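Student: With the hints as extra help, turn the sequences into a complete structure.
Below are the chains, spelled out letter by letter.
There are 2 protein chains.
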Amino acid sequence: MRKGKTRSPGRSSVVTLSDVAALAGVSISAVSRTFTSGASAGKETRRRVLAAAQQLGYRPNAIARTLSTRKSRIIAVVVSYLENQFYPSVLEALSQLLQARGYHVLLFIRNESTSKDSETDTFLLEMLQYQVDGIVLASTMMSSELAAHCQESGIPVVLFNRTSKMNQVSSVASDNIEGGRLAARLLLRKGARRIAFIAGLEDSSTSQEREQGLLAELNDNGVQLFGRRVGEYSLEAASRAARGLFDVAPSKRPDAVFVANDHMAFAVLDVLRIELQLQIPEDVQVVAFDNAPQSGWGGYQLTTIEQNVKAMTEATVSILLEQISSEVPTPACHIVTPVTTVLRRTTKS
Amino acid sequence: MRKGKTRSPGRSSVVTLSDVAALAGVSISAVSRTFTSGASAGKETRRRVLAAAQQLGYRPNAIARTLSTRKSRIIAVVVSYLENQFYPSVLEALSQLLQARGYHVLLFIRNESTSKDSETDTFLLEMLQYQVDGIVLASTMMSSELAAHCQESGIPVVLFNRTSKMNQVSSVASDNIEGGRLAARLLLRKGARRIAFIAGLEDSSTSQEREQGLLAELNDNGVQLFGRRVGEYSLEAASRAARGLFDVAPSKRPDAVFVANDHMAFAVLDVLRIELQLQIPEDVQVVAFDNAPQSGWGGYQLTTIEQNVKAMTEATVSILLEQISSEVPTPACHIVTPVTTVLRRTTKS
DNA sequence: GTGAAAGCGCTAACAG
DNA sequence: CTGTTAGCGCTTTCAC
Numbered sequence: 001m002r003k004g005k006t007r008s009p010g011r012s013s014v015v016t017l018s019d020v021a022a023l024a025g026v027s028i029s030a031v032s033r034t035f036t037s038g039a040s041a042g043k044e045t046r047r048r049v050l051a052a053a054q055q056l057g058y059r060p061n062a063i064a065r066t067l068s069t070r071k072s073r074i075i076a077v078v079v080s081y082l083e084n085q086f087y088p089s090v091l092e093a094l095s096q097l098l099q100a101r102g103y104h105v106l107l108f109i110r111n112e113s114t115s116k117d118s119e120t121d122t123f124l125l126e127m128l129q130y131q132v133d134g135i136v137l138a139s140t141m142m143s144s145e146l147a148a149h150c151q152e153s154g155i156p157v158v159l160f161n162r163t164s165k166m167n168q169v170s171s172v173a174s175d176n177i178e179g180g181r182l183a184a185r186l187l188l189r190k191g192a193r194r195i196a197f198i199a200g201l202e203d204s205s206t207s208q209e210r211e212q213g214l215l216a217e218l219n220d221n222g223v224q225l226f227g228r229r230v231g232e233y234s235l236e237a238a239s240r241a242a243r244g245l246f247d248v249a250p251s252k253r254p255d256a257v258f259v260a261n262d263h264m265a266f267a268v269l270d271v272l273r274i275e276l277q278l279q280i281p282e283d284v285q286v287v288a289f290d291n292a293p294q295s296g297w298g299g300y301q302l303t304t305i306e307q308n309v310k311a312m313t314e315a316t317v318s319i320l321l322e323q324i325s326s327e328v329p330t331p332a333c334h335i336v337t338p339v340t341t342v343l344r345r346t347t348k349s
Numbered sequence: 001m002r003k004g005k006t007r008s009p010g011r012s013s014v015v016t017l018s019d020v021a022a023l024a025g026v027s028i029s030a031v032s033r034t035f036t037s038g039a040s041a042g043k044e045t046r047r048r049v050l051a052a053a054q055q056l057g058y059r060p061n062a063i064a065r066t067l068s069t070r071k072s073r074i075i076a077v078v079v080s081y082l083e084n085q086f087y088p089s090v091l092e093a094l095s096q097l098l099q100a101r102g103y104h105v106l107l108f109i110r111n112e113s114t115s116k117d118s119e120t121d122t123f124l125l126e127m128l129q130y131q132v133d134g135i136v137l138a139s140t141m142m143s144s145e146l147a148a149h150c151q152e153s154g155i156p157v158v159l160f161n162r163t164s165k166m167n168q169v170s171s172v173a174s175d176n177i178e179g180g181r182l183a184a185r186l187l188l189r190k191g192a193r194r195i196a197f198i199a200g201l202e203d204s205s206t207s208q209e210r211e212q213g214l215l216a217e218l219n220d221n222g223v224q225l226f227g228r229r230v231g232e233y234s235l236e237a238a239s240r241a242a243r244g245l246f247d248v249a250p251s252k253r254p255d256a257v258f259v260a261n262d263h264m265a266f267a268v269l270d271v272l273r274i275e276l277q278l279q280i281p282e283d284v285q286v287v288a289f290d291n292a293p294q295s296g297w298g299g300y301q302l303t304t305i306e307q308n309v310k311a312m313t314e315a316t317v318s319i320l321l322e323q324i325s326s327e328v329p330t331p332a333c334h335i336v337t338p339v340t341t342v343l344r345r346t347t348k349s
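In the order they appear, the protein sequences are chains D and B. First residue of the first sequence: 1, per UniProt numbering; consecutive thereafter. First residue of the second sequence: 1, per UniProt numbering; consecutive thereafter.
No lab work stands behind these hints: they were computed from the structure. In this text the structure is predicted, and so the values were computed from the model without any measurement. Each residue gets a CB set at the ideal place from its N, CA and C atoms; glycine is no exception. Some clues are possibly wrong.
Computed footprint of chain B on chain D; a stretch qualifies when at least three of its residues, placed anywhere within it, have a C-beta under 8 Å from a C-beta of chain B [as the list claims (entries may be wrong)]: (1) 87-96; (2) 124-133.
From the structure, some residues in chain B lie toward chain D, with a derived Cβ separation under 10 Å [said to hold, decoys possible]: (3) R59; (4) N61; (5) A64; (6) V77; (7) Y81; (8) Q85; (9) P88; (10) S95; (11) F108; (12) I109; (13) F123; (14) E126; (15) Y130; (16) L235; (17) Q301.
Tutor: In structure tokens form, the structure reads like this:
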């Protein structure tokens, strides 16, 4: 191991507290204090320290600070995949907010297709090892088990865009039930009567709630669900689902579909329009969920139920920071953000 | 500050090396060694340590380890925005590779629109403070200056999908010039003679090279560039560029456009088809660059020059890890990955 | 307000 | 192979 004053040249970051202290002719605690907001800083001392620090190009070592304070100012965010543009949007918003408050994002992408269950543990371990101050689980496919694990390790967790059976852990999600109802109401109002649903993953709370809302509203209006398939949140499965529903005799076809998210809806629209030569919205109307960026693009013009990314991400960081700063374990809280329907060309005007 | 053995309950991560050592009845170094690969581990000792660690739920503290070893196993990756799906793809691939090798991704999103120049420094500072082992700059819009800064701080940097005037810093990028030539050749072969170009950001090396290749090939075939606009890598500017080029008398219209990336091309296609009611590829052919995921979707079916994300990301991590592990400063290296044209429906068959 | 000193949890000589 | 020990760079009592 290197000895005290030996410096490997070229590494500017090896300027330490004591170097600055030496140059400024004060103690290291003095230096530490001037770099710690809200500490008893001597006026003249501060000036000299700042000068010395400036001259030396001193940068506080966040790692050392973390070791000492047990606060890393790092938030782990885990997502399952970035293919669905909704998630990059979220990631961007989240990162922005966190950065503005002096936190940093340690990104974990848990690609479902290439990862086994055991990896879940690996992930968790790694997050814990890095002493992250908080975790946001923005992964619809993440097991509730993992959430529980995190929770019990004592570090704040918030479930993003999903909820958990156990109310122990905080969550932020859209009003998916209401969203499902909005979709149903819209479709009904536009004259649809043979309404089908394409689910995401069966065990995703998000998909379940959206379906639940759909069914409730349909039921309230005395109409039955016409068909149902599972799209697993993937392009391929969604395409298959669409074929299953629509590649049949016209008399057996739905006249509308509610797709659990925009991402799947793009695939659905492609098979409907291109493979099956169906007219949208004349032959079939479709409404989905999220309002991902591409939904508004000319190629799709998808009518959808919008999730309020801004509200969701803001709630997420505020809960997280709240829990982080609070000494006592804060009770879990569950935020439900409102949704709105945005009308485009996949429903009749 | 908390005293030695005092534990705040509920925080399982406070189990330390010495706790394990005590339970196992060995020294802390023994414990440390069994958790350090390639260390002289006593067979029986190891067994007992592992048992004790297991029982206590011990997790090595990566922060402490970092402080001691000066290796954080964290790589900073900075991107400018995630709206262009090419970047989420890259991020996912990068994260995958890095994770597999025991590294982690600290994500920085430098949203151009909301950030001032001074923030560049802030970013850099933060990365340095966290003692990141390496940096990948996957941001076309990032100033070369920042790259230089990083470089001089002694930590390995690789420019992703861009190059720098100064050859000091490593880079990984596609063969953009060849890509531009491929686009030109394709368009020429498909009968286009009035070929226009929509650039990204003027000072982006990537856009410059693509244009350069286009011009070179055009020139070799004795044809002049028919028109040129700047799309700034944004949907809005690209739409404007498309209007500028095509919202004119038919006699003055290009019969093909090469767009500097797919992201802009989507906007271009939308104005061409929807606003201007032009037939693609009959009235105008378009080819772009990247082969972003959506390019293959039914709504666009965009002919494009594909960047090999796999090759690019693999090269990136291999350079990075190489430089990290090498004691002496490794000379900068510049990887150029091959591109291929993928034919779809925006060019004639 | 300021300095001395004791850690934070782990690693890496070094001597046995 | 094992234990002892001296740090890594910073924060935070605790006296002065």
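Student: Evaluate each hint against the coordinates.
Tutor: Evaluated hints:
1. 87-96: This one holds; 7 residues, not fewer than the three required, reach chain B with a Cβ under 8 Å.
2. 124-133: holds (count 6)
3. R59: Given a least distance of 5 Å, the restraint on B/R59 holds.
4. N61: 7 Å, holds
5. A64: OK, holds: B/A64 within 10 Å of chain D, min 6 Å.
6. V77: 8 Å, holds
7. Y81: With a closest approach of 7 Å, the B/Y81 hint holds.
8. Q85: 7 Å, holds
9. P88: 4 Å, holds
10. S95: Because about 5 Å separates B/S95 from the closest Cβ in chain D, which is inside the 10 Å limit, the hint holds.
11. F108: 8 Å, holds
12. I109: 5 Å, holds
13. F123: Holds, about 9 Å.
14. E126: 7 Å, holds
15. Y130: Holds - the Cβ of B/Y130 comes within 10 Å of chain D, reaching about 5 Å at its closest.
16. L235: 8 Å, holds
17. Q301: Status holds, d = 9 Å.
The structure shown violates none of the earlier numbered hints.
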